[in-house]
Each structure stands twice: as C-alpha cells, then as structure tokens.
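Listed below, chain by chain, are the residues.
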Amino acid sequence: MNGSRNYWPIAAAVIAALSAIIVLPVIYDEYALLQLTIYAILSVLALSLAFIWGYGGILSFGHAVFFGLGAYTYAIGAMNFGETTIALLLSMVIPALFAAALGYFLFYGRISDVYLGAITLTVTLIFFDLASSTSGPQYRIGQVALGGFNGIPSIPQLNVPGFPDWTLSTTELFILSVAILALVYISLRLLISSDFGRVVIAIKENEVRAELLGYDARKYKLVTFVIGGAIAGLAGCLFANWGGFTSPAVFALGQSVQIIIWMVVGGVGTLAGPVIGCVLMQWLTSSLASFGTVNNNLVLGGILVIVVLLLPQGLVPTIARLARGRRPVQRLDATAGALGATPAKSEVGA
Amino acid sequence: MDYLIAIGLEVVSGIASLVLISIGLAVVFGMMKVINLAHGEFLMMGGYATIAASKAGINIWIAILVIAPLVVGLVGLVVERLVIRHLYGRVIDTMLATWGLSLLFIGLVTTVFGNTTSGISSPLGAVNIGPIGFSAYKFFIVAVAVAVIVTLYLLFKLSRFGLIARATMQNADMSAALGVDPARVYAATFAIGSALAGLAGGVLAPVTGVVPSIGAAFVAKAFITVIGGGSAVLVGTLSASGIFATVNQLASFATTPVIGEVALLGAAIILLRLFPRGITGRFFKGRI
Chain A
14 MNGSRNYWPI AAAVIAALSA IIVLPVIYDE YALLQLTIYA ILSVLALSLA FIWGYGGILS
74 FGHAVFFGLG AYTYAIGAMN FGETTIALLL SMVIPALFAA ALGYFLFYGR ISDVYLGAIT
134 LTVTLIFFDL ASSTSGPQYR IGQVALGGFN GIPSIPQLNV PGFPDWTLST TELFILSVAI
194 LALVYISLRL LISSDFGRVV IAIKENEVRA ELLGYDARKY KLVTFVIGGA IAGLAGCLFA
254 NWGGFTSPAV FALGQSVQII IWMVVGGVGT LAGPVIGCVL MQWLTSSLAS FGTVNNNLVL
314 GGILVIVVLL LPQGLVPTIA RLARGRRPVQ RLDATAGALG ATPAKSEVGA
Chain B
150 MDYLIAIGLE VVSGIASLVL ISIGLAVVFG MMKVINLAHG EFLMMGGYAT IAASKAGINI
210 WIAILVIAPL VVGLVGLVVE RLVIRHLYGR VIDTMLATWG LSLLFIGLVT TVFGNTTSGI
270 SSPLGAVNIG PIGFSAYKFF IVAVAVAVIV TLYLLFKLSR FGLIARATMQ NADMSAALGV
330 DPARVYAATF AIGSALAGLA GGVLAPVTGV VPSIGAAFVA KAFITVIGGG SAVLVGTLSA
390 SGIFATVNQL ASFATTPVIG EVALLGAAII LLRLFPRGIT GRFFKGRI
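Respectively, the protein sequence lines represent chains A and B. With our numbering applied, the first sequence closes on residue 363, and no number is skipped along the way. With our numbering applied, the second sequence closes on residue 437, and no number is skipped along the way.
Just so you know, these hints were derived from the structure itself, not from any lab. C-beta atoms are modelled at their ideal positions from N, C-alpha and C, and glycine is treated no differently. Any given hint might turn out to be false.
[To be verified] Distance windows between CB atoms, simulated: (1) B:Phe402 x A:Leu110: 29 to 35 Å; (2) B:Arg239 x A:Tyr20: 48 to 54 Å; (3) B:Val356 x A:Ser148: 23 to 29 Å; (4) A:Asp126 x B:Tyr152: 42 to 48 Å.
[As the list claims (entries may be wrong)] If you want the footprint, here are the derived chain B segments under chain A, 3+ residues with CB under 8 Å: (5) 204-212; (6) 257-268; (7) 361-375; (8) 416-422.
[Unchecked claim] Some but not every residue of chain B turned toward chain A, in silico, with C-beta under 8 Å: (9) Ile184; (10) Val232; (11) Val240; (12) Val407; (13) Glu410.
When you get a sec, could you build the whole thing from the sequences and use the hints?
Structure (structure tokens):
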C-alpha cells in the first residue's frame with residue numbers, strides 16, 4: 014500500500030517549518046513573533062478538527078471543549094507542580110480521556126449527524142456554564158483558584174523538561190509552536206495514509222459498507238475522536254502559554270464556531286485547507302479589529318454564507334481543481350498518486 | 150401550599166418560554182429538515198422590532214403581537230429566497246450557512262443599534278398568590294404559548310394549507326406530481342417559522358431585554374429542545390420543553406440557576422442517548 018503514498022506535502026511542511034523557524038525570528042521583533050505564534054497555535058487546533066471532521070466525518074459542534082480542557086489542565090497543572098512537563102502531558106491526556114468517555118457515549122450509542130452535533134454543542138455549553146460559575150475561593154484545584162468568569166491569570170510559561178528555571182522566551186515559544194504544527198501535520202498525514210487512516214476514510218465514505226467488510230466503525234471513530242481531542246488539548250496548552258491566561262471563553266460557542274469556519278473556508282477533507290483558512294480568517298479578524306470601522310461579525314458571517322453558497326468545497330480544493338484544469342475531482346487516494354508531480358499542485362492531497 | 154403553587158407556576162411559565170423559544174425552529178426542522186442556526190438572531194430581531202416600535206409610540210401589545218412576527222417573517226422570506234432555497238437537502242451546509250447568517254445579523258444589529266442592552270418595562274403589574282408576588286406577565290407568556298400551539302394544531306390539522314404542507318413534508322415529489330409547488334410550501338413554512346421566532350422574541354423582550362448577542366442564549370436551548378423532541382413538531386416540542394423546563398426549574402429551585410441550566414443540558418444529553426431520534430422518534434409516531 015505504501016506505493017501510493019505521497020511524500021511531497023510532508024517535505025513541503027518540513028521545509029516551510031524550518032524556514033519559518035530560521036528566518037522569521039531574524040526579520041521580526043518579538044511582538045510580531047507573538048502575533049505569528051497564535052496563528053501556529055490555532056492552526057494546530059484547526060488540524061485536530063480537520064482530522065476528526067474532514068477524514069473521520071464526525072462533525073463536532075463543541076470541539077473547543079478539548080481546547081479549553083487543555084488550557085485549563087495546563088494552567089492548573091503548571092501552577093500546582095511548578096515544573097511544567099507533567100502539565101504539558103496532562104493537557105493532552107485529560108482531553109483525550111474526556112474524548113474517550115464522550116466518544117464511547119456517542120459512537121457506541123450509534124449517535125450521528127445532527128444529533129451528535131446537538132450533544133457536543135451541549136457539552137461545551139455545560140463546561141462554559143460550570144467554568145463561569147467557579148468564582149470564589151471555594152472553587153480551587155490544589156492551589157489554583159478557578160476564578161469563574163475572569164479565568165486564571167499569570168499562568169507560568171513552559172520550561173525545558175527537567176530545568177524548571179529555563180522557561181521559554183517569546184522566540185522559543187514561537188519556534189516550539191511552529192515545530193509542533195509541523196509535527197502534528199506530518200503525523201496526521203502519515204496516519205491518514207496508513208491502513209488505519211484508510212479505514213477511517215472508508216467509514217466516512219460509507220459506514221455500512223465498511224462494517225460489512227468487518228471493520229468496527231464505532232472503534233475507529235472513537236480512536237479518531239480521541240486523537241483529535243488530544244491534539245486540540247495540546248493546542249489549548251500552547252494557547253494558555255501564549256497569553257499566560259485562560260478563561261471560560263475558551264469553551265464558548267463562538268470558539269467552536271470559529272474552528273468550523275476555518276475548515277469551511279479552507280476546505281473540509283484536506284489538512285492544508287483548515288490551516289490556510291485559520292491563518293486567513295485570523296489575519297482578517299485582526300486587521301478588521303485594527304481598522305475598527307467594520308463590525309467583525311458582519312464580515313465573518315458574510316464570508317461564511319458566501320463560501321457555503323459559492324465555494325461549497327472550500328478554497329483549497331477549489332483552487333486545486335482550477336489548477337488541474339477542471340478535471341473531475343477524484344477521491345483522496347487517487348489524487349495522492351496523481352499529484353506527486355509538482356509541489357505546487359501537491360496542496361490537493363494536503 | 151403557597152410554595153408548591155409558586156413552584157408549579159414557575160415550572161409552567163418555564164415550559165411556556167421554552168415552547169415559544171423552540172416552536173419556530175421546530176416548525177422549520179419538522180417540515181423541511183432544515184436547522185436554522187440563525188434562529189436565535191430571529192428572536193433577537195423580534196425583540197428589537199418590538200422595542201423600536203414601542204419607542205416609536207406604537208401600542209406595546211401591537212408591537213409584540215403584530216409588528217415583531219411580521220418584521221421577522223419578512224426577514225425569513227428574504228433569507229429563504231437568498232440562502233436556504235439553494236441548500237435544500239444539504240443539512241450540514243444549511244447549518245453552516247445559517248450560522249454565518251447568525252453572525253451577519255449580530256454584526257448588522259450591532260452596527261445599527263449599538264452593542265448595548267435595551268429594554269422596555271414589563272407591561273403588566275404583579276399578582277399576589279398568597280404571600281408570594283408574581284409578575285402577571287408570566288401568565289401572558291403562558292397564554293401566548295397555548296395560543297400558538299392551538300393555532301398551529303388547527304392550521305396543520307384542519308386547513309388546506311396544513312394538508313398540503315404535511316403532504317409535502319411526507320413526500321415532496323408526490324405532492325409536486327399532484328400540482329403542489331414544493332418551493333412555495335417551503336417558503337411559506339420557513340416564513341411561518343421565522344414569524345413564530347419573531348413573536349417569541351417580542352414576547353420575551355420585556356423579560357430578558359435585548360442585546361445583539363442575545364440570540365446565542367436562545368439558539369442552543371431551542372436547538373436542543375427541537376432535536377430532543379424529534380420530528381413531530383407540536384408533540385415533540387411540547388414533550389421536550391416539558392421535560393427540560395421542569396428539570397431546569399426544579400434544579401434551579403434546589404440549587405442555583407447555573408446548576409439548573411447545567412441540569413437542563415445534562416437531561417438533554419441523557420435523553421438523546423436514550424432516544425437518538427428524539428422523543429417522537431420513539432413515542433407518538435406520525436403525530437404533528
């Protein structure tokens with residue numbers, strides 16, 4: 014099966030990440046780097062849903078719950094332990110465990126489509142309500158007061174494992190975030206082209222047929238969900254590092270919507286699309302905020318409506334199709350083989 | 150005894166509010182299998198229409214009962230024409246597009262009215278039952294909810310439009326073959342759903358006040374209630390509202406409103422796990 018694997022996207026990701034890590038800290042000051050870091054962190058979040066929804070076919074309306082859990086877990090862990098390595102690991106383990114519990118509940122209950130959307134949405138709202146109501150000194154985990162609506166301030170920065178005093182500088186956090194983004198992208202690429210990934214895609218395409226071939230769809234969906242949850246948790250951990258702060262807003266409906274918008278704009282069923290969508294929309298949001306004249310929601314909402322109506326496949330698949338001269342769109346595996354020729358076209362498989 | 154009556158009244162008015170919030174979405178979902186995630190903003194616009202009209206000197210009852218549903222019903226017609234119509238049969242795309250619409254409306258209303266809370270005072274006074282005082286407006290909310298349910302029942306069960314709408318819901322191709330234009334039926338249904346949302350927004354405006362972002366508070370509850378109720382519009386909405394609002398009010402009484410909210414959401418999750426197609430996917434099949 015390895016014959017049809019396509020290594021161009023991976024090579025491109027490595028080159029892009031290395032050049033970003035080497036070049037950008039030289040030409041930008043720390044403030045600009047900090048702005049770029051958030052793009053990388055949110056792109057990791059975008060990738061986690063890109064995997065769950067785009068390849069696993071599981072549309073979660075509450076994906077931010079794992080992101081928020083990661084941020085809160087890191088904050089609570091880092092402030093209690095002093096050393097951040099365990100907190101970093103927990104920020105992936107706890108969301109993954111929660112995804113496992115929720116996923117077991119959903120997939121083994123054969124819940125899908127709109128109903129799955131309703132439940133995941135409800136779960137984030139519960140977290141939002143609960144996290145918002147934890148103001149007051151009685152709500153604390155270890156030494157950390159949860160702070161209710163105001164959240165947890167002054168979260169310690171990550172330190173190099175084993176060296177509690179060596180905390181990451183702004184530049185180092187940027188490098189780490191870009192490196193993690195590249196690592197997550199490459200891992201997901203490899204996972205998708207593995208036997209496991211093929212089964213996941215098969216289940217998305219036709220669950221009944223995959224089950225008739227002997228694959229337990231529930232199990233595969235559960236594993237997909239857990240992997241996505243862990244990655245989103247990691248993004249949450251980085252986010253808590255980036256701002257040194259976390260609040261119930263990470264669980265808010267708007268946060269979950271945002272991830273879905275990135276995916277719809279970039280292209281569902283690709284990995285590069287959601288990253289591009291994320292960077293594009295974030296850049297747009299922050300530029301609009303600095304203008305201050307046009308309402309942010311107005312523009313975001315308008316873009317979402319227009320994209321759904323006019324570019325239902327999203328930017329990346331549409332551009333890829335145009336680049337290939339409107340040949341009929343082939344399915345994932347076929348395109349991966351057909352596209353190996355040039356790096357410019359390899360975005361399709363990406 | 151007084152205490153029990155008080156709890157009972159709170160529960161009933163909670164159910165009535167939830168019915169009002171959800172019924173517009175339920176009509177659209179039940180008849181067209183379209184989930185309108187801009188539903189919360191339809192309520193919000195109903196609220197603004199009411200407040201704007203009453204500030205312009207129009208009688209408050211006319212503002213609530215006529216202006217709000219009319220304005221939002223028209224908005225619904227436009228939205229159906231420009232967006233929903235192109236996405237029939239694509240459930241997820243419809244949800245995404247209406248989510249975009251929801252942001253668009255929030256932005257639009259913020260630009261026009263500003264990002265502040267506006268309100269009007271509740272038009273009825275208080276009623277005393279024993280030693281406990283109640284806002285008489287709560288009785289009005291219950292009355293409107295009952296009237297809406299009865300009217301919809303009569304409309305769908307007895308009128309010609311209802312017959313055509315139910316037939317189209319069951320089999321659009323067959324009714325098209327019999328000379329019905331499904332596109333017009335859908336447009337009318339969507340407009341009715343929107344008008345109901347506008348009415349709910351108008352009715353609730355004196356209680357909640359309005360702010361451009363208030364839709365988010367409504368849409369999640371409405372979405373959960375409609376999905377929990379399942380495909381039968383009236384029975385589903387009534388039964389799901391009944392369960393959720395009762396759980397919510399009782400938990401709020403026992404603890405805090407936040408825990409009450411969480412209990413409602415928890416009840417919704419358990420219900421959907423037990424009946425993955427909603428209550429009426431299991432019971433009351435084939436009703437409206």
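Each hint tested on the structure:
1. B:Phe402 x A:Leu110: 29 to 35 Å: 34 Å, holds
2. B:Arg239 x A:Tyr20: 48 to 54 Å: Check failed, 35 Å falls outside 48 to 54 Å.
3. B:Val356 x A:Ser148: 23 to 29 Å: 25 Å, holds
4. A:Asp126 x B:Tyr152: 42 to 48 Å: For A:Asp126 and B:Tyr152 the Cβ distance comes to about 44 Å; the hint holds.
5. 204-212: violated (count 0)
6. 257-268: As far as the stretch 257-268 of chain B goes, the hint holds, because 3 residues have Cβ atoms under 8 Å from chain A.
7. 361-375: holds (count 4)
8. 416-422: holds (count 4)
9. Ile184: This interface hint holds because 6 Å falls under the 8 Å limit.
10. Val232: At 6 Å from the nearest chain A Cβ, B:Val232 passes the 8 Å test, so the hint holds.
11. Val240: 6 Å, holds
12. Val407: 4 Å, holds
13. Glu410: With a closest approach of 5 Å, the B:Glu410 hint holds.
This entry does not satisfy hints 2 and 5, going by the numbered hints stated previously.
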